[in-house]
Structure formats: structure tokens, C-alpha cells
Amino acid sequence: MEHEIREQGDVLIAVLSGDIDLEQAPTARKVLLECVGQGKSVLVDLSGVGYIDSSGVASLVEAYQAARKTKSGFALVSVSVGAMRVLELARLNKVFTIHDTIEAGLEAS
Amino acid sequence: MEHEIREQGDVLIAVLSGDIDLEQAPTARKVLLECVGQGKSVLVDLSGVGYIDSSGVASLVEAYQAARKTKSGFALVSVSVGAMRVLELARLNKVFTIHDTIEAGLEAS
Amino acid sequence: MPLQNDDAEVIFELTFPACPDRLKLVRTLVLEAARMSGLCDSSSRDLVIAVDEACQNVIRHAYCGDPEGKIILEFARTADSVVLKLRDFAPLADVEKIKPRDLDDIRPGGLGTHFIFELMDEATFTPPLEGDGNLLKMVKRIG
Amino acid sequence: MPLQNDDAEVIFELTFPACPDRLKLVRTLVLEAARMSGLCDSSSRDLVIAVDEACQNVIRHAYCGDPEGKIILEFARTADSVVLKLRDFAPLADVEKIKPRDLDDIRPGGLGTHFIFELMDEATFTPPLEGDGNLLKMVKRIG
Ligand SMILES: Nc1ncnc2c1ncn2[C@@H]1O[C@H](COP(=O)(O)OP(=O)(O)O)[C@@H](O)[C@H]1O
Ligand SMILES: Nc1ncnc2c1ncn2[C@@H]1O[C@H](COP(=O)(O)OP(=O)(O)O)[C@@H](O)[C@H]1O
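Chains as they are written, first to last, in the working numbering: chain A, 9 to 117; chain B, 9 to 117; chain C, 114 to 256; chain D, 114 to 256.
The set of hints was computed from the structure by calculation and includes no laboratory data.
These numbers were taken from a predicted model, which means no experiment stands behind them.
Incorrect hints may have been included.
For the chain A half of the interface with chain C, some residues (derived, Cβ under 10 Å), not all of them [as the list claims (entries may be wrong)]: (1) GLN32; (2) VAL69; (3) VAL94; (4) ARG99.
Straight-line C-alpha distance at most 27 Å; calculated DSSO-like pairs for lysine-lysine [to be verified]: (5) C:LYS183 - D:LYS212; (6) C:LYS198 - C:LYS183; (7) D:LYS198 - C:LYS183; (8) C:LYS198 - D:LYS212; (9) C:LYS183 - D:LYS250; (10) A:LYS102 - C:LYS198; (11) D:LYS183 - C:LYS183; (12) D:LYS183 - C:LYS250; (13) D:LYS212 - B:LYS102.
A virtual CB, placed ideally from N, CA and C, is assigned to each residue, including glycine.
Work out the full structure, taking the sequences as your base and the hints as a guide.
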């Protein structure tokens, strides 16, 4: 997994790419919790994520819950087909806020 | 491996793609010998060949030798990087006539 | 190579240590084997998810993260299905406890077994026929 | 998982029947394992060629095309190399006869062993330490 953090005004965009699996989930967790910890709205770009498993999903859930605690924004954007399949299986596609594009995500933030 | 034969004037273009390995080499051999058997010039397009092994190379050599016997043209075109590596290892890159593009191959035929 | 049983043909058997960094290898191999066995693309990818989760659970729960643990994955094909057997050599698991969280109780974790049961046509945990450890048999029908 | 020897770490062990249609699986797995072991892209691809040729020779020569033959490929990594061991259970091969054709004598065949010796830093055929069959050990240095 690779990651890149971009700052756009008041919003942090965390671009994750590659595979978020048992090996990589701890990194994803750390990156996402650090973003949420800054108190800004966070958009997680999953367009480049070819594979995400339950441990990767767990890191998303953890960041989502941390954001709710501090009442800051947290949304997923450009979710790849593979990642969406897993979110749907976990029935989290209705729990997470999901935007089709970064632009839509920024507008809503 | 997939294959497709196109006829362009007096020239047959055999487009092979995918992997030409021990499993697929018999098919490649049959396709190429049938082309050569028609007495026309044959261009073998290897642009879509991701992998070729010694048995695939053997089928090229057999077709090349059959073409020499009947004095008909036989050349490779658009050889992919992976296929070229194997031809070089076999020192066959100097034995086969190789053209960069189909156009160059047709011009020379 | 011996036939598995009935008309099952073994495609491969992969032995690997219980390390997270091997999961990518397993996924790559299973995807290719699924395709060559005649599963469509989306079923192949679903199979990969189930196998990944099953391996992950062996790594985390059966071996509790000990990378010395040994895992064997057998991939076989019958006329109308693929049959995977995942074997470990850890202490016998309490099969009653192997179940997902309530999906409405949103929290990290507790999804892997849900994925497995949802994605496979059959998934059964049993002690292996011989020797110690655990055996998860997973079946996915073709077409 | 036991260490191979010295500081070698086993990445995987793959068992498969001596069928041509398994070579694609082997290539896919070896490519991924080579990359994760730190081989660059072109070295990884060269390793795949050597392994494919070695497996092919076991299928065609050691087992003479009998698909019941069993092949085991072990892939290990040391600090500075990958070490592959390819094991078969066929009659002992005459190691003297395992050699390529003269490259100037253009004819179909006779290239596989040339590829193996050219692409690997070390390639040695030996009877296995225990049991029958043959063992080809191939080493490719990293970097
Ligand atoms: N292979 C296994 N061996 C032992 N226990 C297991 C195994 N797989 C799952 N379990 C048990 O089932 C529970 C649910 O597993 P799962 O749904 O994958 O979620 P998680 O692993 O995140 O807890 C685990 O917490 C564990 O107690
Ligand atoms: N694994 C093997 N077991 C027995 N004999 C082998 C093996 N590999 C190669 N050989 C012998 O070495 C010869 C050369 O092999 P190779 O260079 O791969 O070309 P080819 O297989 O096309 O003959 C073979 O013809 C065979 O006699």
C-alpha cells in the first residue's frame, strides 16, 4: 500500500493505493487516525485500492468512529469496484458517507 | 494464447497474443505451419505476447524452417519486450527477420 | 498426483508460514487458479476475498500471530465447483466461537467469517482427517 | 516454519502435478514472490523464465509427459539471494545429458537448459538429500 496526504483548504485528502490487507492495515490505520487527529474534515480516496480486506475495513471503521467522536467530517471518495464489493459485503456502504469524486467530496465538506 | 489470421494482399499476418508456453505451443505450431503451408509470406505479430518460453520459440523456429524450405517469406513483427528477451537469450534475434511494425513488415514482404 | 476424492483434481497445494506478507502471494495464486478452473471474473475475486479472510484468521486466531505456524492450502476442481482446503497445525479451535459480529453493531473487526460464509457456497470447519490442527473446507460452485 | 539452512527463509512451497497447464500458475506465483523478495523487475522476469523452463523439463523429460508426476517448488530468500529448489520423484536423471544444443545449430528445441544456466547465478542438478527423484537448486542474487 502507498499513501499520500493532500491538504485542500480545511480538508485533508488521504489517498490510499495498492492493497490494504493484514500486512498493510496497520499503516492505513495510523495514517487515517493521524489525519482525523488534526481535527479537519478527512476524505479518503480509495480509487487506487485494488484490494481491501476485513482488516483494512477495520481501519476505516476505526477512523470513522474517531471522527464521529470529535464531530469532524469523514468520507470515502472514488471507491474502486473491488473495495466497494467488500464494503457492501460488510454492509458499510450505507454507514460511510461515500462520494463519487473528490470534487463532490470537497463540496460536501 | 489467442490467435487471429489476417490476409493483406499476398501476405498472411498471424497475430498471436497471450502466453505461448508448453501448454499453448502446440496450437502456435499448428497455426504457424498452416500459414506457411499456404505458400504466402507470413508475418507473425508478437506485440500481444506477454510470455514465450523455449517451446514457443521452438514453434517459431519450425515455421521459419518450413518457410525457408519453400523459399517463402517469414518474419516477426512488433516483438514485445518479454518475447525479445527470450529471442535474444536464444540468439535467434539475429536469425529471424524482425520488423518493428506491421507496416515495415508489409513493405519488406 | 492422487485425486482428492470423487472426481476432484488437485490444481495445487501451497505451503506457507503464517505471515501477513504471504497473503498477497496467496491472493495472486488463487485468482489465477480460479480463472483457469472456469470461475468467472467476479466469482474468482470473491473466492480470493474468502481465502484471504480464512488465511488471515488462521494467522491471527489459530496461531495468534506466531509466524512459525505452517499453513497448507489445497485447491481442487471438480466438474462443477472448486474445493479449497485450508489446513493449520494449531490447537483445536472451538468451532462454536467462529462467527461474525452482528453486522449492525458497527465496530472494527468481526467481519472475516461473515465474508467467508457469504461468499462461499459451503464453508465447514472440522478437525482434519488425520493429524492435529484444523481444517476449513470451502466450496464455490462454477457457473 | 523451519528455516531452510543458514539464514534462508522459506517464502512458499508449491506442490503441483506435472501438467503443462500449471506452468502459468507457477509463473504468476514466482513473479510475485520474486518481487516481494526484492528482485528488480527484470531479474524477477528472468527468474520466471528459468523456473518455467526447469518445470517444463521435469514435465517433458523427467516424467516423460506423465501428468501423475508430482513436482515440488520451494522458494526461499537469504539476505542477498533467492534460492529455489525444484524436486521431482522421477527416475534419477543422467546429469551429463542435461545440456543445451549448440546455439548455432538452429533447430526447434534444445534451449531450456541454456536459459536456466544463463539466467541463474547458480543451477545444480543433484539427487535430493533424502528419498528418490531429482533436485535442481537454482540461485539468483538480489541487486
Ligand atoms: N481460524 C480460526 N481459528 C480460531 N478461531 C477463529 C478462527 N477464525 C475465526 N475465529 C474466531 O471467530 C471470531 C470472528 O472472526 P472474524 O469474523 O473473522 O472477525 P475477527 O477476526 O475480526 O474477530 C474471531 O474473533 C475468533 O474468535
Ligand atoms: N529435468 C530433466 N530430467 C531429465 N533430463 C533432462 C531434464 N532437463 C533436461 N534434460 C535433458 O537435457 C536436454 C536438453 O534440455 P533443454 O535444453 O531444455 O532442451 P529440450 O528440452 O528442448 O531438449 C533434454 O533433451 C533432456 O535430454
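- Query: Is the straight-line distance between the alpha-carbon of LYS183 of chain D and that of LYS183 of chain C 27 Å or less?
  - Reply: 21 Å, holds
- Is the hint on ARG99 of chain A kept, meaning its closest Cβ partner in chain C is under 10 Å away? Holds: closest Cβ of chain C sits about 5 Å from ARG99 of chain A, inside 10 Å.
- Hint consistency between LYS102 of chain A and LYS198 of chain C [alpha-carbon to alpha-carbon, up to 27 Å]: Violated. LYS102 of chain A to LYS198 of chain C sits at ~34 Å, over the 27 Å cutoff.
- Under the criterion that the straight-line Cα-Cα distance not exceed 27 Å, is the pair LYS198 of chain C, LYS212 of chain D satisfied? 40 Å, violated
- Query: Does LYS183 of chain C lie within 27 Å of LYS198 of chain D when you go C-alpha to C-alpha?
  - Reply: 19 Å, holds
- Task: Against chain C, run the beta carbon of VAL94 of chain A and see if the smallest gap drops under 10 Å.
- Result: Result: holds, 7 Å to nearest chain C Cβ.
- Taking only the CA atoms, is the gap from LYS198 of chain C to LYS183 of chain C under or equal to 27 Å? 14 Å, holds
- Message: Check the hint pairing LYS212 of chain D with LYS102 of chain B against an upper bound of 27 Å on the C-alpha distance.
- Response: 22 Å, holds
- Message: Is the interface hint satisfied for VAL69 of chain A? The criterion is a beta-carbon contact with chain C at less than 10 Å.
- Response: 5 Å, holds
- Message: Hinted pair, alpha-carbon criterion (27 Å max): LYS183 of chain C, LYS212 of chain D. Please report holds or violated.
- Response: With Cα atoms ~37 Å apart, LYS183 of chain C and LYS212 of chain D exceed 27 Å; violated.
- Message: Check whether the Cα positions of LYS183 of chain D and LYS250 of chain C lie no farther apart than 27 Å.
- Response: 23 Å, holds
- Supplied contact hint for GLN32 of chain A, tested at 10 Å Cβ to chain C: Nearest chain C Cβ about 8 Å off; hint holds.
The structure is inconsistent with the numbered hints 5, 8, 10, although it conforms to all the rest.
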